[in-house]
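Colleague: Heads up: the sequence shown begins at 208 in our numbering, then just goes up one per residue.
Worth flagging that the hints you see were computed from the coordinates, not collected in a lab. As the structure is a prediction and not an experimental result, all values here were calculated from the model. Do not rely on the hints blindly, as some may be mistaken.
Derived lysine-lysine pairs resembling DSS-like cross-links, with alpha carbons at most 27 Å apart [stated by the list, open to error]:
#1 240 - 271
#2 271 - 245
#3 218 - 265
#4 218 - 271
Here are the computed distance ranges between Cβ atoms for each label pair [unchecked claim]:
#5 245 - 218: 27 to 35 Å
#6 271 - 224: 17 to 25 Å
#7 244 - 279: 14 to 22 Å
#8 279 - 231: 13 to 21 Å
Virtual Cβ for every residue (Gly too), placed ideally from N, Cα, C.
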Amino acid sequence: LNKSDFVEKPKSLLLERRIEVAIEEARSICAEKGVTSKECAAAWDIVEELQAEAAHQKAERLEKTAFDIYCEDNPEAAEARSYDV
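The whole structure should be built from the sequences, with the hints applied where relevant.
Modeller: Dropping the structure here:
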């Protein structure tokens, strides 16, 4: 972290750090509680919300969020299933 980076982009740098921490926490929770647990789903919801906010601030769409990658890696998780209604 350079001083000039923080002065120019403090919000985005802090948000990126929050995303990193949230991903670590989500992985830890899922490892402890199981990939199909409500706690795991809630942890990945937090990651997804933070990444969406970061993308919104950058005014661009992420190709894949950490949650998308999680769903690909854990297709048995309820959150990974999508249903057409």
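Colleague: Hint by hint, note whether the structure agrees.
Modeller: Status of the hints after comparison with the structure:
1. Between residue 240 and residue 271 the alpha-carbon distance is near 24 Å, which keeps this suggested pair within the 27 Å criterion.
2. With a C-alpha separation of about 22 Å, the suggested pair residue 271 and residue 245 falls inside the 27 Å cut-off, and the hint holds.
3. Only pairs whose Cα atoms come within 27 Å are accepted, and residue 218 paired with residue 265 is accepted, the gap being roughly 11 Å.
4. For the proposed pair residue 218 and residue 271, the alpha carbon gap of about 22 Å is at most 27 Å, so the pair holds.
5. A hinted range of 27 to 35 Å holds for the C-beta pair residue 245 and residue 218, which are about 31 Å apart.
6. Take residue 271 and residue 224: their Cβ atoms lie about 20 Å apart, and the range 17 to 25 Å holds.
7. With their beta carbons about 19 Å apart, residue 244 and residue 279 fall inside the hinted range of 14 to 22 Å.
8. Restraint check, residue 279 to residue 231: a C-beta distance of roughly 19 Å satisfies the suggested window 13 to 21 Å.
Comparing the model with each earlier hint shows no violations; every hint is respected.
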